[in-house]
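Engineer: These are the residues of each chain, in order.
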Amino acid sequence: MQVTQQAQFNVNYITLVVFFFVSIVFVPFVVFITKFLAPHNPGEEKNLIYECGVPPRGGIFTHYYIRYYIFAFLFVLFDVEVVFLYLWAVLFRNLGFAGLIEVLIFVAVLILGLAYVWKKGILKWD
Amino acid sequence: MVWWLALLWALLKLIIAFLFIFLTALILIYMLRKVMGHMQYRMGPRHHGPHGIWQTVFDALKLLGKEDIIPNGIDKYVYLFAPVIAFVPSLTIFAFLPFAPKVAASNFEISLFFIFAILGFSTISLLMAGWGSNNKYSLIGGIRGAAQLISYEIPLVLSTMGVVIMAGSLNLTDIVNAQVKIWYIIPQIVGFFLFFTCGLAEINHTPFDIPEAESEIVSGFNTEYSGFRFAAFFLAEFVNLFIICALAVLLFFGGWKPFTNPIAGTICFIAKTYVLIFISMWVRSTFPRFRLDQFMDFGWKFMLPLSLVNIFVTAVVVLIVDKIR
Chain A
771 MQVTQQAQFN
781 VNYITLVVFF
791 FVSIVFVPFV
801 VFITKFLAPH
811 NPGEEKNLIY
821 ECGVPPRGGI
831 FTHYYIRYYI
841 FAFLFVLFDV
851 EVVFLYLWAV
861 LFRNLGFAGL
871 IEVLIFVAVL
881 ILGLAYVWKK
891 GILKWD
Chain B
60 MVWWLALLWA
70 LLKLIIAFLF
80 IFLTALILIY
90 MLRKVMGHMQ
100 YRMGPRHHGP
110 HGIWQTVFDA
120 LKLLGKEDII
130 PNGIDKYVYL
140 FAPVIAFVPS
150 LTIFAFLPFA
160 PKVAASNFEI
170 SLFFIFAILG
180 FSTISLLMAG
190 WGSNNKYSLI
200 GGIRGAAQLI
210 SYEIPLVLST
220 MGVVIMAGSL
230 NLTDIVNAQV
240 KIWYIIPQIV
250 GFFLFFTCGL
260 AEINHTPFDI
270 PEAESEIVSG
280 FNTEYSGFRF
290 AAFFLAEFVN
300 LFIICALAVL
310 LFFGGWKPFT
320 NPIAGTICFI
330 AKTYVLIFIS
340 MWVRSTFPRF
350 RLDQFMDFGW
360 KFMLPLSLVN
370 IFVTAVVVLI
380 VDKIR
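The listed protein sequences derive, respectively, from chains A and B. Be aware that the first sequence starts at 771, since it is given in the numbering used here, and climbs by one per residue. Be aware that the second sequence starts at 60, since it is given in the numbering used here, and climbs by one per residue.
By construction, these hints were calculated from the structure, which means they are not laboratory data. Watch out, some of these pointers could steer you wrong.
To be verified - Okay, the calculated bits of chain B under chain A, using three or more residues with CB under 8 Å as the criterion:
#, region
1, 189 to 196
2, 284 to 297
As the list claims (entries may be wrong) - Derived, one-sided and incomplete: chain B residues facing chain A with beta-carbon distance under 8 Å:
#, residue
3, L66
4, K72
5, I128
6, V147
7, V223
8, S228
9, L378
As the structure is a computational prediction, the values presented were derived from the model and not from experiment. Glycine residues also receive a C-beta, built at the ideal position from the N, C-alpha and C atoms.
The following block holds chain B by itself, in its conformation from the complex (with noise of 0.2 Å):
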């Protein structure tokens, strides 16, 4: 294939993925303010159109329309760039995401790995905002984000490997085409709690959003964004849900089985993701927020040990059923 046509190619990808990301977020933005209305016997977005669901749209075009404040005292540079840097992961990462087989915007050896390369760089965006704010509860937050990445990174890449074991591949699609026979959700289950408990802990979901618990940091390292960079931050944090989400389906929930066709496989594995983010968001709803130390400990003295054992049992009984067949 000449390069242009391939350019052409990455183009209209790019295309569809950009406008699939904002329908997932203002969807996303939408289900939330649903499901944990009803959960707390409100009734959420109402007035404009049926249900409300036009009101996640008027939000998001208000925002456009907001003045760009840059408070005094900010370091400038770190303070611009920290937005951007937060919108990295959400799009490259779809890069990356195979929907069905022949529905990927590429197809790498080592896709899985790359992901967990790039989704580092929400926290260092969070950081950066947290240090270029020149307020004392945004650098507060921004330390906690580091502490958070920090603890729960390992744990989260670590439970993973168990699902490498099994499939022998970093491929995504390899990964999902392993799993004809069963889905890696029942040998695994360890590894799947241990994934999704340190997905939300690396997106900062609620009960783990210490770096912008609003009761003690105001609203942690975004407090000081307004207009469209704010926006940025948030659109970031919806899209990670969905890349958290998605991904636990590839890994454990056979991704687009039982279909091949692409344009169900699609639809399936899309369901299958919006049921874990209705999970999540149910989670978010019903759990008080963990304290600072216990969050910690709970990463360093449980999810680190727990996911070692998990590789190591995981090894161990792979090979005794290799050696019986």
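The shape of chain A in the complex, shown without the other chains (with noise of 0.2 Å):
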């Protein structure tokens, strides 16, 4: 049993490398076997970018308002969150009613940081 475990888990990650490679390499391939079947004339103006059509104007390093960078710090806490919890859920059975409270008390406490930052209106548009 403990041989057929280990063979099966074996077979797993060879699949799994061997589609993600093949997955990283299959772009790559294509787009050198395009090069021989696709013309190739670059030109000064086929080569400008295309943007909306009109000659662009300015480069793209330019002020932007990223309005959402906040949301990335509650991302990044409740993403750690879902990580935790998904173990709580897996055993969920076996911690029965002591792990629900415990685990409430855990998101309660991250819930109570949404609510903050909700109330203090990081979540407002504008």
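Assembling the complex is the task here: the two chains are given apart, and the hints tell you how they should meet.
Structural biologist: This is how it looks when you write it as structure tokens:
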């Protein structure tokens, strides 16, 4: 039994590595092949960026107002929470009522944070 | 099993997965054009072959013969790697999806978790494409894509938590096997709607296609791409649609149930998936696009609290039901 489990484990990871590797190599490979199929005559006008159809003005590195960078902090917090919640959810029936209470306290702290951010008006758009 | 035999076996699975992906993408593109056409009182493609079924094949072949234009002033490595990364989740996730009892490339204990981890790649590719393109609108599209991930990844993952609690496993095969008595769509109806909405948001499906909103930012992150690099984004988009619908079927619609035979199970699973894909195309041709601020508000102020409530209501109900038994 131990051996077959180990074998299954190996097969799983070999499959995963093969899929992952090929998925990375695939697009460069086909692009390489199309080099022989497709025409290639670059030109001054042709190599301009398209943007919106008229000749572009100015570079891209100007000021943008990224309104949601605080959302990004929240995202990190909640994403880590999700990882912990998965562990709890898988073992839910073993942990029972006590586990539920503990996780509720854990999530309540984060929800308080969300409520605070909401109240503070950071989730508002302007 | 010796390692080279395992490697050969993996390669065989890979070839099957590849064929399946391309067939799926071709069918989905044709289906989208036909379904949307008929919903808008048009015919869709109809010239090549009966009902125009060869049209997408010709379009795909034509893309291979297109010139690969690399515009001036791009951030070279980021620009060239973006389509590569876009394709990674499309193929890799097929290593985890079980189609029927014995029809799966691998059998990980945490396949659901792996899938969510890899699905995030598609958004990174979007941000890379936006950043590398030397195009203001593409950059805006990329940033919007990141905003989309930030807001909808969490409800997406949380919405599956109810299913995980009920099944007690992260293995997709186990989750399907746990749905013998009842499909989880019935106890987890809220979870399903959360999952489907956030799933469509995660893969930029209309009404959440704000990273490539044609009427606002030209074509968003993929404006500057041509030839096969563009096709890679396109391919990834359609395969991701299949993946989200397949996941929804596995988690909420009992996968290959009521069949247990591998062949009948696979057919049943794919048929269920195509029904969900049809529904998503229906949504696509019916709803107008969200505005970005409404979209973010909807994610943080509605979907996230609702998904948390869903988890704890599920947990309490499962505890009570277990006590009664």
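Engineer: Less than 8 Å between beta-carbons is the criterion; does B/L378 satisfy it with respect to chain A?
Structural biologist: 6 Å, holds
Engineer: Would the hint on B/I128 be counted as holding, given a Cβ-Cβ threshold of 8 Å to chain A?
Structural biologist: 6 Å, holds
Engineer: The region 284 to 297 of chain B covered by chain A? Criterion: 3 or more residues, Cβ-Cβ distance below 8 Å.
Structural biologist: Check passed, 4 qualifying residues.
Engineer: Does the CB of B/L66 sit less than 8 Å away from some CB of chain A?
Structural biologist: The hint holds - B/L66 has a Cβ within 8 Å of chain A, the shortest such distance being about 6 Å.
Engineer: For the hint on B/V223, just tell me whether its beta-carbon gets within less than 8 Å of chain A.
Structural biologist: 4 Å, holds
Engineer: If you take the shortest Cβ to Cβ gap from B/V147 to chain A, is it below 8 Å?
Structural biologist: B/V147 check passes; min Cβ-Cβ to chain A is 5 Å, inside 8 Å.
Engineer: Would the hint on B/K72 stand, with a C-beta cut-off of 8 Å toward chain A?
Structural biologist: It holds, given that the least Cβ distance between B/K72 and chain A is near 6 Å, below 8 Å.
Engineer: Hey, does the B/S228 contact hint survive, CB to chain A under 8 Å?
Structural biologist: 6 Å, holds
Engineer: If you look at each residue in the region 189 to 196 of chain B, do at least three have a Cβ nearer than 8 Å to any Cβ of chain A?
Structural biologist: Holds, because 5 residues of the region 189 to 196 of chain B bring their Cβ atoms closer than 8 Å to Cβ atoms of chain A.
The structure agrees with every numbered hint stated previously.
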